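What follows is the residue order along each chain.
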Amino acid sequence: MRRIPVLDALFPRRVTEVSPGRSKTTTPRFPGSLQLRHVDAGSCNGCEVEITQVFAPVCDAGRFGIRLVASPRHADGLLVTGVVTKNMAAPLTKTLEAVPRPRVVVACGDCAVGDGVFSKGYGVAGSVSDVVPVDLEIRGCPPEPTAITEALRVLTGR
Amino acid sequence: MSATAYLIGVSALCAAAVLGAILPAGQRLLGAALLSAVGCLAALAGSGEVLVSGHPFAMHSAEVLPLTGVDVSLDPLGALFVAITAIVGLAVSWYSIGYGAHPHASRTTTAVLPAFLATLLLVPAASSVATFMAAWELMALTSLLGLLGEHRRRPETRDAAQWYAVMTHIGAAAILFGLVLLGAHAGGQSFAAIAAHRRELSMPLRSAVFVITLAGFASKAGAVPLHVWLPRAHPEAPSPVSALMSGAMVNLGVYGILRVGEVLLGGGELWWWLLVASLGVTSAFFGALHAAASTDLKRLLAYSTVDNVGLVLIGVGAAGALQCDGDRLLAGLALVATLFHLANHALFKSGLFLAAGAIQHSTATRDLDRLGGLARRMPVTAVLFGIGALSISAVPGSNGFASEWLLFEGLLQGIASRSAVTQAALLAGVAALAITGGLTATAFVKAIGVGFLGQPRTQAAREAKDVAPSMLAGMGILAVACVTLGVVPGVALPVLERAAAGGLAGGAPHALRPGIGIELAAARGAIDPALVVVGLLAAFILAGSAVRFAPRPAQLRHPRRGEVWGCGRELQTARMEITATSFAEPLQRVFADVLRPDHDLEVTHASESRYFPEAISFHQRIDDAIERLVYRPVIAAVVSWGRLARRIPNGSVHRYLAFGFAALLLVLVVLR
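Residue numbers (the working numbering), protein chains in the order written: chain A, 15 to 172; chain B, 30 to 701.
Worth flagging that the hints you see were computed from the coordinates, not collected in a lab.
Since we're looking at a predicted model, the values are computed, not measured.
Note that beta-carbon positions come from the ideal geometry of N, C-alpha and C, so glycine has one too.
Hints should not be assumed to be uniformly reliable.
Okay, the calculated bits of chain A under chain B, using three or more residues with CB under 8 angstroms as the criterion [claimed, not checked]: (1) 88 to 94; (2) 102 to 115.
Taking CB as the label site, the calculated pair distances span [claimed, not checked]: (3) B/R618 <-> A/Y136: 45 to 51 angstroms; (4) A/A70 <-> B/L585: 36 to 42 angstroms; (5) B/A460 <-> A/A70: 47 to 53 angstroms; (6) A/R77 <-> B/L585: 41 to 47 angstroms; (7) A/Y136 <-> B/P184: 54 to 60 angstroms; (8) B/E599 <-> A/K134: 24 to 30 angstroms; (9) B/I464 <-> A/R77: 46 to 52 angstroms.
Between the sequences and the hints, there should be enough to build the whole structure, so can you do that?
Shown next, in the form of structure tokens:
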């Protein structure tokens, strides 16, 4: 991705870092194909803008077998963005409950991981891992599309 | 022998009516019901003997009616209708034992039901104009009383009764006029005399008689556009009465058309039968469409009756037209198919009406949008309703399938007919049959899906319980009959062939080969539903045991049970289920030009912002378009003429004297 030095100087970005979470094995958990249901648990929509780019022509995560689907019944896992607000805690649990096993939960962005700018807000129930078990964390505020793609590729192995 | 059994049947029903009127409340129901069941069995035996042996009987009694006497005779055509009525009557009698056992049960209903049955048995056996009209009028009267029996104070019921009374009496007047005209020219009022002298009548006279009586009989059969009473009266009547109306009374309209058109008038001209078939096509389409859009269970069934009467009229029209073309074999085939469908419709539709009555008995509503989850709460009723619904949707293995297959076969074979007009009419009939098949399936998927599956939508539906065993037994009789005719239709076909031969002016050769399935004699075409059913059962058992006993992976051995996915919302209630209204909505949109639904959507906003609705109310009404476009203007015109006429008598003696003088002058001028 091309960087524009001036913009970088004006809006310094945090270094994006991918941690494959608690997935200990090196073999991909969903080899070749990963269907994700996206849950906005209380995001500022920054992560959503980046996720849109993940599936847009430049990154095109579809090439690596990654797709967003409309129903958790069709999904292998959840892609959760944002802090988990009090109102979204129960829907998030219910959505995860609706995903068939084996399943994966990806926390996308600093808020979802637990140390974002909104984590001390008054309506916040906690980070994603406070509500449901998280398998993969993607840091960044917001994480860059390349970073998200890279992290998801860990799961598909492509 | 057959005459004795028939007479015992009718007298037992009359006695049951008397018992129902005079016995004390405790024994009334049981006494009347048992005696009318005996009566139905006797009538079934009598008509069965006529059907099987083919020997008609005739009787004359000078005492019962003054001046003309009563002529009763039963030929195979009439015997078929008596037999159908008797089977339906038997089931309804059992059913009425449990149905009548509620606090606001009336003596009238108990007494009127057997009387209505007796008149239904009399009409097809009447063999003179006077007897026929007397039986016809008694049938109209008793059914009207039966309709009013239970909820006579409800405005809807009174409205329905008024419509029914007016329509049926206009119809009766038309029939009376037509038959009297016929009798006057044929030199006698007995049907035998009319049939013997029909060749001496001129064709215009015969056509006039046919068209006039057709109007009367079509109004009784519920053919569009004379159907408007039917979707009002059938839902409002107590369920045993609606079952008899739908299962037996509308049949008699078809009987009348056959009796007058074929037997008395000798078949007549092609256009008569094209008229009948066009009535049939219109009714079939209109009825099926309204059935698919209705949310009231009994209204749905009533419109479905209009639809099935339409199919029967298509068959009658096809048979008559083929007969006029001189194709007796194909005419016979079409009429056998028609009578078979008529019998099947009587069986499954009265069963469905009884089941709807059981639901109403148990939940006090018949609005599908207020039901739901009944399959767990009323399992036996659900199975019996299901059998009826499968039959009416013509699922292979059901009696509806057998008769619709035969009807299709009859119409398609008839396309080999010589006249191009008949061919076109038959094709229209095939198209109507196809489209109503789809619409009927939609209607009954809706009835079962919304009414019996899912979660109950109201407290009443939640507390529903299966009804009394006698009611279940009544429905059971009809369900068993439906399944039997569906699996081995061949057992009924010889009887139907005999009736069909009696219903065509020139008789009809055998169109079917004997057997337990259906096999056409003249053309290639055969089906054996027993094999289909055995094959389906075997496939089900194989698939079921494969699922049950095959080795499966570890994680599938203990399936996880979870909540239904509802987009993660915290509270899921039965109000979020699909309703009958929403199920029918796409269809309604497609056919909006015919159905013309009225919508009324009211949104109340919160005072702070228009973006937050506080309450939304949605109302929808689907009125009968024909009622609105044809009947309302006529009624309005009559009312305004009435208002005008009221101005004439203003109380002034001078004016009355002037009227008298003017009338006298007019008479003098005319008579000169």
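Quiz item: Is 36 to 42 angstroms right for how far apart the beta carbons of A/A70 and B/L585 are?
Solution: Taking Cβ atoms as reference, A/A70 and B/L585 lie about 38 angstroms apart, which means the hint holds.
Quiz item: Taking the CB of A/Y136 and the CB of B/P184, does the distance hold inside 54 to 60 angstroms?
Solution: The hint (54 to 60 angstroms, Cβ to Cβ) holds, given that A/Y136 and B/P184 are roughly 58 angstroms apart.
Self-check item: Range agreement (Cβ of B/L585 with Cβ of A/R77, hint 41 to 47 angstroms)
Solution: Given about 33 angstroms between the Cβ atoms, the range is violated.
Quiz item: Holds or violated: the segment 102 to 115 of chain A covered by chain B, criterion of 3 or more residues with Cβ-Cβ distance under 8 angstroms?
Solution: The restraint on the segment 102 to 115 of chain A holds, since 8 of its residues have a Cβ under 8 angstroms from chain B and three suffice.
Quiz item: Using the C-beta atoms of B/E599 and A/K134, is the stated range 24 to 30 angstroms upheld?
Solution: holds, 25 angstroms
Practice problem: Using the Cβ atoms, figure out if B/R618 sits within 45 to 51 angstroms of A/Y136. | Solution: holds, 47 angstroms
Exercise. Can you let me know if the beta-carbon spacing of B/I464 and A/R77 is within 46 to 52 angstroms?
Key: Cβ of B/I464 to Cβ of A/R77: about 48 angstroms, so the range 46 to 52 angstroms holds.
Exercise. May I ask you to test the hint 47 to 53 angstroms on the CB atoms belonging to B/A460 and A/A70?
Key: holds, 50 angstroms
Quiz item: Do three or more residues of the segment 88 to 94 of chain A come closer than 8 angstroms to chain B, measuring C-beta to C-beta?
Solution: violated (count 0)
Checked against the numbered hints given earlier, the structure breaks hints 1, 6 and satisfies all the rest.
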